[in-house]
Every structure is written in C-alpha cells, then in structure tokens.
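Protein sequences, first through last, are from chains F and L.
Numbering-wise, the first sequence is residues 0 to 302 according to numbering that gives the first Met the number 0.
Numbering-wise, the second sequence is residues 0 to 353 according to numbering that gives the first Met the number 0.
Everything labelled a hint here was simulated from the structure, so no lab data went into it.
Hints are not guaranteed to be accurate.
Simulated pairs of lysine-lysine, DSS-like, Cα-Cα distance not exceeding 27 Å [as the list claims (entries may be wrong)]:
1. K256/L x K173/F
2. K95/F x K343/L
3. K173/F x K266/F
4. K213/F x K173/F
5. K266/F x K213/F
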Amino acid sequence: MLTRAYQHSLNGSHLPDGEPLLEVDAVSLRFGGVKALTDISFTVTQGHVHAIIGPNGAGKSSMLNCISGIYHPQEGEIRLHTAAADGTRTLSTLTKLPPHRIARLRVARSFQNIELFSHLTVLENLMLGRHIHMNHSVLASMLWFGPARRQEIQHRQLVEEVIDLLQLQAYRSKPVGALAYGIQKRVELGRALCIQPALLLLDEPMAGMNAEEKEDMARYILDVHELAGVTVVLIEHDMNVVMDISDRVSVLDFGRLIADGTPDEVKADPAVIEAYLGSEEEDADVREAVEHMQRLTEEESRG
Amino acid sequence: MTATGIHHRSYVSELRLRATRAEYVRLALMGVLLVVVPFVLDNYWMSIANTILIAVIGAVGLNILVGYTGQISLGQGGFLAVGAYTSVILSDRMGLPTPLSIAFAVVFTAVIGTFFGLPGLRLKGLYLAIATLASQQIIEFLIRRDIGDFLTGGLGYINVERFSFLGFQVGGRDVFERQWYVILAILAILAVMAGRNLFRTGLGRSFMAVRDQDIAAEAIGVNLTRAKLTAFAVSSGFVGLAGALTAHYSEVVSWEKFTLEVSILYLAMIIVGGLGSIAGSVYGAIFMTLLPVVIRNVANALDSVVPFLGDQLPAVQNATFGLVIILFLIIEPRGLNRLWERIKEFFRFWPFRY
Chain F
0 MLTRAYQHSL NGSHLPDGEP LLEVDAVSLR FGGVKALTDI SFTVTQGHVH AIIGPNGAGK
60 SSMLNCISGI YHPQEGEIRL HTAAADGTRT LSTLTKLPPH RIARLRVARS FQNIELFSHL
120 TVLENLMLGR HIHMNHSVLA SMLWFGPARR QEIQHRQLVE EVIDLLQLQA YRSKPVGALA
180 YGIQKRVELG RALCIQPALL LLDEPMAGMN AEEKEDMARY ILDVHELAGV TVVLIEHDMN
240 VVMDISDRVS VLDFGRLIAD GTPDEVKADP AVIEAYLGSE EEDADVREAV EHMQRLTEEE
300 SRG
Chain L
0 MTATGIHHRS YVSELRLRAT RAEYVRLALM GVLLVVVPFV LDNYWMSIAN TILIAVIGAV
60 GLNILVGYTG QISLGQGGFL AVGAYTSVIL SDRMGLPTPL SIAFAVVFTA VIGTFFGLPG
120 LRLKGLYLAI ATLASQQIIE FLIRRDIGDF LTGGLGYINV ERFSFLGFQV GGRDVFERQW
180 YVILAILAIL AVMAGRNLFR TGLGRSFMAV RDQDIAAEAI GVNLTRAKLT AFAVSSGFVG
240 LAGALTAHYS EVVSWEKFTL EVSILYLAMI IVGGLGSIAG SVYGAIFMTL LPVVIRNVAN
300 ALDSVVPFLG DQLPAVQNAT FGLVIILFLI IEPRGLNRLW ERIKEFFRFW PFRY
C-alpha cells in the first residue's frame with residue numbers, strides 16, 4: 000500500500016490480485032499482405048509485471064497498439080476485466096473500441112518514441128493525464144467558473160503526488176520539449192499514471208538509456224507496481240531488466256507467440272534461445288559466408 | 000518578480016493569471032489606456048480603434064482554432080460573413096432586438112463552423128487548409144450570388160439600421176465612434192478573458208494536446224472528434240461575433256468585406272502576433288490594422304521627397320504587408336508576443352545575458 004504521504008491510490012483496478020485482467024484471445028493483425036501478428040493468445044494477471052519481449056520487428060509494439068485501440072486486429076478479441084468499487088464485474092471487448100474509450104476504461108500507455116505534448120509544461124502534460132476524470136462545459140471553462148475552476152485545484156492534488164513519486168518537482172513548470180530524454184520518458188510514465196490506470200502499458204520505457212538511467216527507471220516502475228499496485232505490461236529489450244522485474248514473460252518472434260511463462264521458464268525455452276541467439280545451423284551458415292567474403296577481399300587485394 | 004522567483008503557497012494562488020505587482024500595474028495601465036483613448040483621439044483615429052477592437056475578437060477566435068488546436072483555417076472570411084448576415088437579417092428583417100440577434104448569430108456561426116470543421120476529422124495541415132479554403136469559397140459564392148435575392152433583395156448589399164438596444168440608440172457623427180468604442184471595448188475584453196480562461200482549464204488543454212500529439216491525446220482519453228469540433232465551434236462563435244459587430248458598426252453588409260483576403264489578413268494577424276497566444280492575437284490585431292494606416296501617413300509625409308510612395312500607395316501597402324510577414328517568419332516566428340517576452344527577460348536578467 001502507499002505510504003501516508005500519498006492520499007490517492009494510483010491503481011484504477013478493483014480486481015483482487017491473481018485474477019485475469021486482460022485476455023488476448025487468438026489475435027491476428029495484417030497490414031495488407033504483411034502479417035504483423037498471427038494467432039496470439041496470452042493472459043495478463045492482476046498485480047503482475049508482464050513483459051513482452053522479442054527481436055526487432057517481432058510485433059511487440061503492434062501488440063500494444065492493438066490493446067490500446069490504435070490498431071484493430073482483423074481476427075481475435077482482446078478483453079478487459081473491470082471491477083467497480085462495489086465489486087460488480089464487467090467484461091469489455093477492447094478490439095471494438097476507439098482509443099479514447101479504452102483510456103476511459105483506465106488502460107494507460109506510454110510510447111516507444113516519446114509522444115508528449117511538447118509545447119506544454121510538465122504540469123500541463125500530467126494534468127492532461129487527468130482528462131478522463133474531468134468534465135465541465137465550454138461556458139464554465141470560458142468563465143473560469145464552477146466545475147472548471149474547482150477541478151483544476153482538485154486534480155492538481157493527485158498530479159502533485161505523481162510528481163513526488165517520480166521526482167519531477169524540479170521540472171514542474173518547464174516545457175517538456177526542452178527536457179532531457181530520460182526526464183521526458185519519466186514524464187510520459189507520469190502522464191499515464193495520472194489516469195489512475197487499471198492496466199499500464201509501457202512501450203520500451205528504457206530504450207536509449209544508459210545503465211544508471213535504466214536502473215532509475217526500473218526503480219520507478221517497481222515503485223508504481225509495488226507501492227501503488229498497478230498492473231504493468233512492458234516491452235523491453237534489456238534481458239537483465241526483464242528477468243529482474245517481471246512476473247511473467249511473453250516472447251514474440253515474427254508475429255507469433257513462441258513462449259509464455261515465468262522468466263525462468265522462458266530463459267530455458269529452446270525456441271526463445273534460438274530466436275535470440277540463432278541456431279547452430281544458422282551460425283554455421285554465417286561463418287561460411289564471412290569466410291567466403293574474406294577470401295574474396297584477399298584475392299582482390301592481391302590483384 | 001522577486002529576486003528568487005515567485006513562491007506560491009496554494010494551488011489557488013498559482014492558478015491566478017497574475018502573480019506579481021508589476022503584472023497588476025501593467026493591467027491597471029492598460030485599463031487606464033482603454034479609458035483615456037476616447038478622450039484624446041479624434042473621430043478618424045477612434046474608427047481605427049474600433050476596427051482594432053473587432054479584429055481582436057476575430058483574431059482571438061482564429062487563434063483558438065489555428066494556434067491552439069493546430070487546425071489551419073482559411074475560412075475566416077466566410078464565417079465573418081455568416082455572423083454578419085445572420086445578425087442583420089434577424090435584427091433588421093425579423094425585428095429581433097439587436098443584442099439578441101448578435102447572440103443568435105454567434106450560435107449560428109458556431110454551428111456552420113462545426114459543419115465546415117468536419118473535414119478536420121480526417122485531414123491535417125495543408126490538406127485541411129485547402130478544405131477550409133473550400134468553405135470560404137462556398138460561403139463567398141453563396142452570398143455573392145445571393146440566389147433568389149434572399150439576402151440583399153437584389154441590391155448586392157444591405158443597409159443596416161443604427162444599433163439600438165432597450166431604447167438606447169447610438170448617436171450621430173459626434174458621438175457615434177465613442178459610443179461604439181464603449182460597446183466594442185467591453186466585448187473585446189470579454190472575448191480576451193474568455194479565451195484566456197479557456198486555456199487555463201482541462202478543455203483548452205485538450206485542444207493543445209490535439210495540436211501537439213493527436214495519437215497521444217487519444218491514448219489519454221481525449222475524444223478527437225469532439226475536441227476538434229468543439230474547437231471549430233468555439234472559434235467560429237468568436238468569429239461570428241466579430242462579423243456581426245462589423246455589420247452593425249459599419250452599417251452596411253456586402254460580400255467584399257468577407258473575401259479570402261480577409262481570411263489571410265486574420266491569419267497574418269495571429270502569425271505576426273503569436274500563434275497559440277491570446278495576448279499575441281491582440282498584438283497582431285493592433286499591428287496589422289495599424290500597419291496600412293502608418294504606411295499611408297509615412298507616404299504622405301514623404302510625398303515631396305519620394306512621390307512614388309503616395310502614387311502607388313496600394314502597391315506599397317501590399318508589398319510592405321508581405322515584407323512584414325516574411326520578416327516575422329524569419330526573425331521571430333513566435334510573433335510579437337514572444338518578442339515582448341524577450342524584452343521583459345532582457346530587463347529582468349540585466350546586466351546578465353541570461
């Protein structure tokens with residue numbers, strides 16, 4: 000649970016830990032003749048850090064885009080379990096909804112290439128994360144009256160808690176476009192957190208970072224997960240990070256799910272090892288090709 | 000500004016638009032200026048002041064759409080026309096009280112603007128600009144052709160009755176400009192305040208989110224369709240108000256006042272003033288309205304030395320107009336507002352550079 004300093008729960012899901020939260024069921028996605036995803040099924044459990052890994056072009060980001068509604072798969076379904084505070088359950092089919100409706104179901108995400116509102120300040124970006132919780136008329140807004148004004152103050156409190164959690168105090172009123180890359184990544188995490196997500200999707204939150212920045216980011220993700228209890232799905236390339244922080248790992252290769260299990264199971268899976276390191280035969284092929292090239296260059300230099 | 004910055008103690012205080020005494024002093028000075036203007040200017044300059052006030056309302060409206068929501072629009076002239084014709088037909092032909100007819104004109108222009116904003120759901124940038132150009136051409140065509148003589152009764156223009164409201168009527172030559180000044184100044188101040196408030200709240204922020212990153216905006220729950228159409232509606236509402244006021248103030252409505260040139264003039268205002276800035280809209284409206292006047296006065300003053308300037312006045316005005324826009328795009332693309340901020344920073348940091 001959160002410490003006393005934080006008054007708002009950042010976890011938007013009322014499901015008990017260990018129950019299925021998100022079900023990806025036989026999803027296939029095509030772009031014309033290109034099969035980005037083929038028959039993918041896995042389940043994300045409430046309370047887990049669930050990693051999706053795979054070589055470049057394996058379809059990891061496409062998978063995330065299907066969950067958040069940016070892509071609509073041709074086949075299969077993605078279902079989200081939600082529970083209200085009083086315990087009533089609903090099951091929503093995400094594959095039929097537009098992105099803003101999925102956000103209203105408290106599925107929040109970050110992007111691989113930072114997609115912040117670059118002309119706005121950190122504070123404004125985070126306040127935009129509260130968008131689904133705000134509701135006022137055009138007139139109230141233009142008159143700075145009633146709900147419009149009240150909500151600015153009310154939602155600021157949760158935003159400030161996120162700022163504290165992610166240690167963004169120093170950048171509060173800076174335009175995000177001018178901030179360092181690592182900070183921008185953190186602001187993007189913060190913006191997603193402000194939704195009070197039931198499910199947090201992070202697309203390569205540590206891409207392009209050095210070891211220290213990665214460590215910091217991993218710590219923030221763990222804080223979000225352990226202190227706030229938010230379920231996280233993340234895409235990551237760094238194996239050490241993935242194996243350290245995730246409860247479950249799904250491995251994609253060429254748009255297919257080749258393994259799905261605990262980090263230890265996945266690490267030992269021969270299909271995974273082949274996808275990442277290549278098979279013995281391929282190695283032999285590569286070696287042969289390299290030697291051939293070397294011979295050619297030697298002959299050329301000899302004239 | 001204190002030496003170490005501004006230290007807020009509550010969210011309420013931070014949400015205020017002004018925090019330092021200097022800012023309140025500046026506001027008071029502007030208030031004094033607005034009050035003094037009608038006492039020192041003659042009728043000619045008062046008419047220019049009134050034109051500026053109307054332009055301020057229109058420019059704020061356009062900036063909401065173009066500068067804040069990122070939807071380029073070349074349809075400003077058409078929407079001004081919708082406001083002008085609607086209000087005049089309602090007040091003079093249907094006998095509605097003028098303020099009520101202006102209010103209806105605002106709502107109706109918002110509706111029309113929303114309709115012509117529909118292409119914005121699919122198009123971005125230059126493609127949207129071309130689509131809004133179509134709206135300009137369609138509206139201009141309709142009012143120019145005036146099929147069935149519904150609008151002008153075959154005259155090609157409408158003479159508008161003198162503005163009156165609850166027994167009060169704007170007076171003759173000697174007080175006309177000054178009375179209008181009071182009406183327009185109040186409305187312009189309200190428009191500026193409404194624009195400023197809009198972008199302190201969640202709704203206005205969602206407009207800016209659409210401008211900066213529409214995919215991310217959707218991912219945090221902004222309904223793009225709704226946000227874009229609301230922006231078109233709000234913006235067109237302001238523009239409709241400006242159009243209706245133009246009609247009642249100038250007391251004649253004809254299509255020549257609402258051509259594509261007007262659309263471009265308004266775009267120039269917000270570019271020169273500063274895209275995405277309410278203050279910039281005001282600066283831009285003042286600058287672009289005064290520019291031709293200043294050029295004319297300079298040309299007249301130099302008549303004995305360079306008679307060419309006076310002889311070719313319209314050409315010189317157009318050329319200067321273009322030159323000014325180019326210079327702004329090169330030197331300070333963020334407009335007069337940014338220039339003003341830089342001047343303030345210079346003095347704040349003096350004797351240091353930054």
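Hints, verified against the model:
1. K256/L x K173/F: violated (43 Å)
2. K95/F x K343/L: Cα-Cα ~52 Å, so violated.
3. K173/F x K266/F: violated (42 Å)
4. K213/F x K173/F: holds (23 Å)
5. K266/F x K213/F: holds (21 Å)
The structure does not agree with the numbered hints 1, 2, 3 stated previously, though it agrees with the rest.
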